[in-house]
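*Asks:* Those protein sequences? They're chains A and B, same order as listed.
Okay, so the first sequence: first residue is 1 according to the UniProt record's numbering, each after it adds one.
Okay, so the second sequence: first residue is 1 according to the UniProt record's numbering, each after it adds one.
It cannot be assumed that every hint is accurate.
Restricting the straight-line Cα-Cα distance to at most 20 Å, the calculated cross-link-like pairs of lysine to any residue (SDA-like) are [said to hold, decoys possible]:
1) B:Lys93 with A:Ser108
2) A:Lys178 with A:Tyr258
3) B:Lys152 with A:Ser19
Just so you know, these hints were derived from the structure itself, not from any lab.
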Amino acid sequence: MRPFYYLTLLLLLFKLSISEEMEYRSNFFANILNTLSSVLFALLTLQVFFLQTDEIGGWTFEQVLVLLGVFNALDGVVEMVLRPNIGRIVQHIRKGTFDLILMKPVDSQFYLSFRHIVFWPITDVLLGFGLIGYAAVSMGIQVTVLNVALFLLMFGMGVLTLYAIWMILMTMSFWFVKVENLTFLFSSLFETARFPVQVYKGALRLLLTFVFPVAVLTTFPAAAFTGALTWRDALISLLVTAVLVTVARLFWKTALRYYTSASS
Amino acid sequence: MQNGIHVEHLSKHFKVHEREAGMGGAWRSLFRRQFRTVTAVDEISFHIEPGEIVGFLGPNGAGKTTTMKMLSGLLHPTSGELLVGGYKPFQQKAAFKKRITLVMGQKSQLIWDIPAMETFLVNQAIYEIPDAQFKETVGELIDLLELEPLLKKPVRNLSLGERMKCELAASLLHRPEIIFLDEPTIGLDVNMQETVRRFIKAYNERFNATVLLTSHYMADVTALCKRVIIINHGKILFDGDLAALVQNLAPYKVAKLTLSAPVEREHLQTYGEILHVEYPEVSVKLPRADVSGASAKILAELPVQDFTVEDPPMEDVIGLAFAGESA
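Given only the sequences and the hints, what does the whole structure look like? Please build it.
*Replies:* Next up, the structure:
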């Protein structure tokens, strides 16, 4: 692995996507409107919840706001990087252009993951961080260097985990022609990340921690920011991320081997 | 065997899933899948020297594409030995990929909505081409292919031929020493075909690149390749000089004569098989072994105004090769 090479390439692909996107300026405004309305709606739902109770799953209103901010930022990442690329593997395989990508001296997983980046959902990410900031101010929590560092680490794990799950779905398109259905499944599961994992009980909570780890996606980063993260949870986060990223990579390699031995 | 292409006893088998038509077949195949092994490439061997341009010919489904894919590392061979530019292609090493390129006439790597130059820049980063070398190569390619007016237009606004020119440039930025061309002139008009051919020739001469070319246009082959490899049903039928191919496979030449007076068809037949009669034009097959004797006879005995002897058209010769193999 050569980090510098891939970082340069990522930057170039990002610039490329912007110049591709420039044609469609109206998307920018549509996206801001979309983001604002979905954030407002989520806030309203939260308000309704907190009319009945002071906490959900042991989390206060402001803490859940932080969580919502994390959720929104992650959602932005999905829209920027993951969703634009997922449908294209199938197209590449069908049109035969997948061969042209495999011929290039670049990691095909990297190239196919990041070739298309949509710029505008950056507003989701920014609004997410804004929400976190707002919650922090209204909670009056001390923003310490340790908190922020831990938050960034946990958020990074969340992004990686999200990527790994998405990559596993994407790789399935070697065998299934329509992965769009799987992305619907993903979206509905991802919705559960709007709430702290403590809301869910028993087996469901285990499922949402280890199998479809929404805990790693939003609960742990939010907890890190508010200072409620336990070392055990941090460890789980690192572990789950490592396992998922490895599985995603191995799965991709298997799919490639399948492709190079079976396709004609 | 540092450079060039070296292939020995190369085979590729595919397992094909078979099922009967209709609901019954679909149902049965759910539980018991029937597989059949298909041999796409069957123990082929050949060697291509650095700098050679070789035509790789065969009907659809003959095994051309499968072989090309194995040579470029996209397919894992079932058995046999394979060295391309000193590398085993299926290991897919980056160093190997930097020395080869694959251009497919029907598949494009260009980014659709933006000018081709952007694709070039992405390839520069991917292939890690130093700026100075990149500038030089792009300059050369712009000259050779007359790309200048095309580079600022979005790819989607280019004609098929213009796109092919940009495609070639994008594929050659890293100055590969081995080039696989899969029908590079397909769908192009005659002028553009000619341009592409001239370019391939020029690139080959300038960089001493090894070129393996498939095409359904015989003009491509006759213009570029001294040597051809003909493959059908996964086996090599012929490997050698284009000229020798014609001599071996077509044991006749075609005499075209313009008569100054009508001659009976029955009488013409005594000189050889008649291909075409439309007074005053006649074409007759003459046995290759006795072209001069037969020609002399025709000139002496018939009222001939004009007379030429030619090799049969390449298409016919290749057709004979395929027919001969299946017979």
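*Asks:* Which of the listed hints are not met by the structure?
*Replies:* none
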